[in-house]
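Novice: Take a look at the letters that make up each chain.
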Amino acid sequence: MKRGWFLPIVATLGFAFLYAPIVSLVIFSFNESRLVTVWGGFSTRWYGELLDDGQMLGAAWISLKVGAWAASIATVMGTLAAFVLTRFGKFRGKLLMTGMITAPLVMPEVIIGLSLLLLFVAMEGVLGWPAGRGMLTVIIAHATFTAAYVAVIAQSRLRDMDESLEEAARDLGAGPVRVFFDITLPVIAPALVSGWLLAFTLSLDDLVIASFVSGPGASTLPMVIFSKVRLGVSPDVNALATIIIGIVALAVTVAGVLLMRQSKRMR
Amino acid sequence: MSPDPQSQGAPKPRRYKPLTMLAAGLAGLAGALFVGWLALPPGLQAALFLIIAPAFVYFLISRRMGWSDRWMVIAIPLLWFFVFFLVPFFVLGRISLAETMIARPPYSPLWETDRDGNLEIIASLENYRFILGDALYLNAYLSSIKVAFISTIFALLLGYPIAYYIARSPEPRRSILLLLVILPFWTSFLLRVYAWIGFLRREGVINNVLMWLGVIDEPLVMMQTDFAVYIGIVYTYLPFMILPLYANLVKLDDALLEAASDLGARPSVTFLTVTLPLSMPGIIAGSMLVFIPAIGEYVIPALLGGPDTLMIGRTLWDEFFSARDWPVASAVAIVMLFLVVAPTMWLQSVQNRQEERD
Chain A
25 MKRGWFLPIV ATLGFAFLYA PIVSLVIFSF NESRLVTVWG GFSTRWYGEL LDDGQMLGAA
85 WISLKVGAWA ASIATVMGTL AAFVLTRFGK FRGKLLMTGM ITAPLVMPEV IIGLSLLLLF
145 VAMEGVLGWP AGRGMLTVII AHATFTAAYV AVIAQSRLRD MDESLEEAAR DLGAGPVRVF
205 FDITLPVIAP ALVSGWLLAF TLSLDDLVIA SFVSGPGAST LPMVIFSKVR LGVSPDVNAL
265 ATIIIGIVAL AVTVAGVLLM RQSKRMR
Chain B
6 MSPDPQSQGA PKPRRYKPLT MLAAGLAGLA GALFVGWLAL PPGLQAALFL IIAPAFVYFL
66 ISRRMGWSDR WMVIAIPLLW FFVFFLVPFF VLGRISLAET MIARPPYSPL WETDRDGNLE
126 IIASLENYRF ILGDALYLNA YLSSIKVAFI STIFALLLGY PIAYYIARSP EPRRSILLLL
186 VILPFWTSFL LRVYAWIGFL RREGVINNVL MWLGVIDEPL VMMQTDFAVY IGIVYTYLPF
246 MILPLYANLV KLDDALLEAA SDLGARPSVT FLTVTLPLSM PGIIAGSMLV FIPAIGEYVI
306 PALLGGPDTL MIGRTLWDEF FSARDWPVAS AVAIVMLFLV VAPTMWLQSV QNRQEERD
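Those protein sequence lines, which keep their order, are chains A and B. Using my numbering, you'd call the opening residue of the first sequence number 25 and step up by one each time. Using my numbering, you'd call the opening residue of the second sequence number 6 and step up by one each time.
Hint data in this document are derived by calculation from the structure and do not stem from the laboratory. Hints should not be assumed to be uniformly reliable.
As the list claims (entries may be wrong) - Per label pair, the in silico range of CB-to-CB distance:
id: 1; chain 1: A; residue 1: Trp-63; chain 2: B; residue 2: Glu-223; range: 20 to 30 Å
id: 2; chain 1: A; residue 1: Tyr-43; chain 2: B; residue 2: Met-216; range: 46 to 56 Å
id: 3; chain 1: B; residue 1: Leu-147; chain 2: A; residue 2: Leu-75; range: 44 to 54 Å
For each residue, glycine too, the CB sits at the ideal point set by N, CA and C.
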């Protein structure tokens, strides 16, 4: 089919729309002037200020810890849920489980955050646990909503996977636990890695749920950024954004190279 | 080494029906007990706990030998989601019936004993009457739906040509373009919304460029308007529109398009009568992925919108963090659940069932 001028132009505009703000963030992070949109000469001054900002660094560290814990718990829970739903046939509570792992995907964050906070407050009143709100409650909250995403990824991988491998292992006398760890887990491992990464990213990115369930001394990076940005643009946030974009670009490049090498080896 | 296929065969799927029923029953019982538990005075709670906990442990030990691994595997994720996803909604519902009090936590208990030792239930629909009677909340619900709807239309109008272009591109370019669509998703959502402040401000990039070009003399007011909120939502959720559309359009059979043009249809007619109807599932999926999160959005209206940009997620947030009225915030959330979330979830389940049938 002959292609007209319309599609390339709209596509170009679309990609410009997606990337122009990101590019301008990066450019103005090297701006000498405090006025973010007026060019005052090249400088790395804001990166230096960022490194001196103890609050920001502390929050970044908390976010990384929360993200790693939440992603790990989410991967375990999501994989178990996906395994149960794809391999156990029919069981009582299957509908409930399906509902509970798909609902977080469409549930507004404000509702998840508020309801979890109220749960934690009620639990503290009744059981005395969790005592106060802090990193632990953020980890639980993030693990719960990101587990749903992991479950979706793991489920589709488990469905695509060749079940005769598992059957063969069972025929050779392996018990269900052995089959899972020796056959199923290695096969779906790449999907679980991407699930973990997705959960980690979602956790690092979340502002709303963390704001509800976090407590004093456990402000995550998005919470600190939000309180800064609310007061207007600030150049050190630009510097931070540039660092994050750099890390992501690097990770994507490395992942791309690794994937290409793997596909070459497969051939 | 290889077992006799006759004797082994495919293993029969084992059924543990009574046990799984027991599991579901226990989980349900635990939930009901937990909700009831919240209502009890602390002294009674402690006493009951001393009785229940050992009984439960004894029950576990005595039954353990007969319990299969399967039951345990089901129970772990089921319990996790039950406690941390489902139970919170019961707590939310219960607190939406409470009264605001100056206390810690700032709501009334569900039960209270008066001087004669009679239990009194404190539960009223007062919060619901309040938010349904106040035009502010109604407007916030309606305007959330309006903003989400308009943003979805814009995202569709922009996303469809991009998805189509990617789907029709030759291979190396197709993968690169697809990666470029996904890439922004991996960077911080908050920082991407923040980037637009620098663009839309009075002395921002857009105004500077337009003034420099001589298109305008006065800077345009774009920040703190509904326009900025639309931009923010379309920008943030555009990849969610493009990806399902792409997945659909890439499957489109070229032979159909060729057949249409061989029969004399102009490209626009081919598009309207062949491509568009065939891509309907992609359009619906993409629109849902934009519309649903847009309704409850808080960050975008808070950063880019003005004080008069009403959205329900923001109203809930302010009710909780600024007014510190937990019961009213809970009632807002419950109404949101029924007005907004339930219909979309229903729609999605219908769609899923349709897909399974196809």
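Novice: Would you say the C-beta atoms of Tyr-43/A and Met-216/B sit inside 46 to 56 Å of each other?
Specialist: 23 Å, violated
Novice: Does the Cβ pair Trp-63/A, Glu-223/B satisfy 20 to 30 Å?
Specialist: 22 Å, holds
Novice: Starting from the range 44 to 54 Å, see whether the pair Leu-147/B and Leu-75/A falls in it by beta-carbon distance.
Specialist: 47 Å, holds
Of the numbered hints given earlier, the model fails hint 2 alone.
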